[in-house]
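Required output: the full structure, derived from the provided sequences and hints.
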Amino acid sequence: MIRASRLACLAALAAGCAKGPTSPAPSPAVPSRAAEVDVPVRPAADDLDRLSPPSPGSRAVFTPPVPTDVRVPSGARALVVTRRTLPIVHLTFRLRFEDDVPAPSTAWLAGRLLSSRGPDGSTLRERLSAMGVTFHGASQDAYCEIGVGALPSQVPEVVDVVVGMMRQSRLDATDFASGRDAEAKALSSMSPRERLWKGLQVGFLPARHRLSGGSVDVLAKLRIEDVQRYRDRVFADRLTLVAIGDVEAGVVREALGKATSAWKAPPRRTPLALGEGAVVVPAPGAEMAEVMVAAPVPLWRSDYAAVLGLRWMLAPANGLRARLEERKVDRWEQSYANVMDRGDQGYVVFAARVPHGLVAQTVQATFDQWAEIQRTGMPARTLREERAELVEWLAGHIDGHEALSGVLGVLLRAGAEPDAHATAHGAAITLESEAVRTAAATYLDPKKARVVVVGKPDEAALRALGLGVRTIAVPGGEGSGS
Amino acid sequence: MRRVAPWVLAIGLLAGGASAAPPELPAAPVVSGVVGATLPNGLRLSVQEDHGTPRVALHFRYDVGYGDDPDGATGLAELIGALLREGATPTLPAATRSALPEAVGAHHWDRKVMVNIDGTHVTLSGPAHELDLALWMERDVIASLADGVEPAMLARHVKALRGTKISPSWKEYAELRSRLHGPTSPYGRARVWDWSQTETVTVDVVRQRLRQAYGAKGIALTVVGDVDQRAVQTLVASRLGTIPAGVTMERRIPDAAAVASRSRLDLGGAPKVALLWITPAYFAEGDPELDVVARLLKARLTRALVNDRKVAASVSVSQSSMKLRSDFAIIAELAGGHGADEVIALVDAELQRLRAGEATDAEVGRARTLMFLENLDAWDSLPGRARWLSWLASGGRDPSAFTRHVAAARSVDARAVGTIVEKHLPTNARLVVDIVPVAGGSK
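Quick mapping for you: the protein sequence lines, in order, are chains R and W. Here the first sequence stands for residues 651 to 1132, where the numbers follow the numbering used here. Here the second sequence stands for residues 1207 to 1649, where the numbers follow the numbering used here.
Honestly, I wouldn't trust all of these hints.
To be verified - Across the chosen pairs, the derived CB separations fall in these ranges:
no.	chain 1	residue 1	chain 2	residue 2	range
1	R	P946	W	G1258	29 to 37 Å
2	R	W1043	W	R1603	32 to 40 Å
3	W	A1233	R	G900	16 to 24 Å
4	R	P917	W	R1603	24 to 32 Å
No lab work stands behind these hints, which were simulated from the structure alone. We put the beta carbon where it would ideally sit given N, CA and C, even for glycine.
Here it is, written out as structure tokens:
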């Protein structure tokens, strides 16, 4: 698993490594007291040992924990991992704001006010403080999150307080205005780079989906009635909970069911059309364009390890650089490849900053690489390296409640089965090139591609690739939807 | 007294009753399965197996912090912290160190270095099956860092340190701590923001400091994770058993507390008043109880000074626990039109109520619960637990001290609060500092 390009300066070290241990193994320690042992020390290490890094041992067999799935009649859902090691329970509540909204920024501000600023957040803080629990709040464009650390006996009351606040809170006009102004101030201090990134995010949303259009001008027009009306239309099926610690799933089920029982049943929803083709977000004055080429993929299904494998094949070093050169893209920077999620919809994306005039060529080069993956899958060396990375990533970031809660929150957001993480981990261990090739053939289809450009591309060249092109407003107020 | 309608009173009682009963705290968790060892060169090792994930965390605690900087060389610990962070040695220059894990088929580990007042901490976490490589690389830093120090390297790090932003609140607290503990105390040495002395530190001074104070005798290493205890002991003895012992850090007990003095501190920012006490060291009798009192007072003073009387914009209360001696601080930001004396009088009134045993069961219960949960929270992850165990080992305490520390909070009631405030927060042994806003900052 040694990359030749990195080996020049390490030849001596790697050679030592290949030989394995060069000195005899020391004797095992012998306990002398209950909690204290004397450890024998071998003779001084020699220079050869200092120059010979040890190889990693073999990875232990490990299966990630499978949480208990808790679903209650109101539509709320929880994942519960019972751990008896400490008498503490960590609860992470998340309310998603992902539906069509009456005005831009409505959902976004609703989340902010609940989790951090404004009367909702203040009241919640007071009530949780009175219980002596630890807590934090956070919000993003699409959700607000409340994390609480509590005693096992406090779980029902915490669930009742947080869910009750999420369901019933009302906004105060004065605090609403101050919260709105604070948000506007934060927005106005965004860097140009952050604005470009925001443009990419907005471009990804369905046509009627306006939750992320936060801008100073838009915020100024927002009325308290808009937010309140919107909040009245958020139902319990948008509420998820992760509970980790000294608690039984049955306790969570009862508490969540009780706390959400008065919540109105969610209406039948028509999924918003995600749209295909290219979305252009004008960025006046930008020196280069940001371009993101995305293929929709399902999240956390049985082939998720292979889907994650696709992102490795979109890293420039794994072939895309050559495709870009073939398409005469001679200048690009800050590229990345990843699997992104937008609610329960995932995308395999490649993004880069390129000259405005080379946007279409960059898109074409990405499509070329898609075709290449469909033909060849994943080369053996890349497969070995990335399989190890993938296994480590899936197994390695669940230490502590915070990390595990993050992983389970992702599963809930994607509407995945509770064993999806363990399944993906198991599939990663045995991932083969053919699975990656099959995933590429299934999902990497230029006809279904979503391309977002923040900048001023050659739209005719994009249309020549078979992409419909539409322009949307820049966050900040310029332009209008078309 | 304003007459209250019976139904209002009834609702008040009901509402109060709902949150008035303090939750019963579970038994403090018993820390088990920690095996300690001391290598012949003085390095103290603690190991705990935890097979919940295929990960391992290491915490190296060097018993030297910025409070131990020699006279004329303030900033030395921070400078060495920067060298440790880079970890470049003649054997493994920075670029080689960075590329090595991938070259041998391993992963990059999380590695953080932090310097505080009486310790320097290196925390690592990564896949358990790569523990030997991590130890091998860290051994190289400990054994060889001094050999690679050069003048240009020091100049580069001092320049970077000069660019470090120090928050106003940190600067304020450092100034207060310096006045409380006195300039001759290790705890009176503030983290520096004037690096002029650091600039003059020579290569020889840094090398000597590294070889003496950062040797095996000053290291408490904790390994927690998906490992076999005996295998780790063997491995650590193999990798770290030969590093030089160095010397044990001599740290003088701080001078006696300042007695009922009041002074003025000109700083940028809002006008504030601070009340400060020297209090018992970490894990000493009174320390966990003061942790509870700090949380109780924070809620009580916020209600009295900020919400009800509106004489302060905010209040912070903390028991900052350290190895030899701690400090307890109440800092109130004054609301417009209100003075420090007004705030002090209200704080004194609240302290007097607590001395008289007037704390309610509900508020004591709330503070107890919060202290209990916050301590458990820090114990949850592998790196968090490794940090705790290293801290205990460096103070010569066994892991059960954690259980005793948390359990002590369970016994705190209203009467105990009164006794603790009477004993540790007396009016005649505190420092009062008026923090006055001055354009341009400290004078």
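Which numbered conditions among the earlier hints are violated in the structure presented, ordered from lowest to highest? 4
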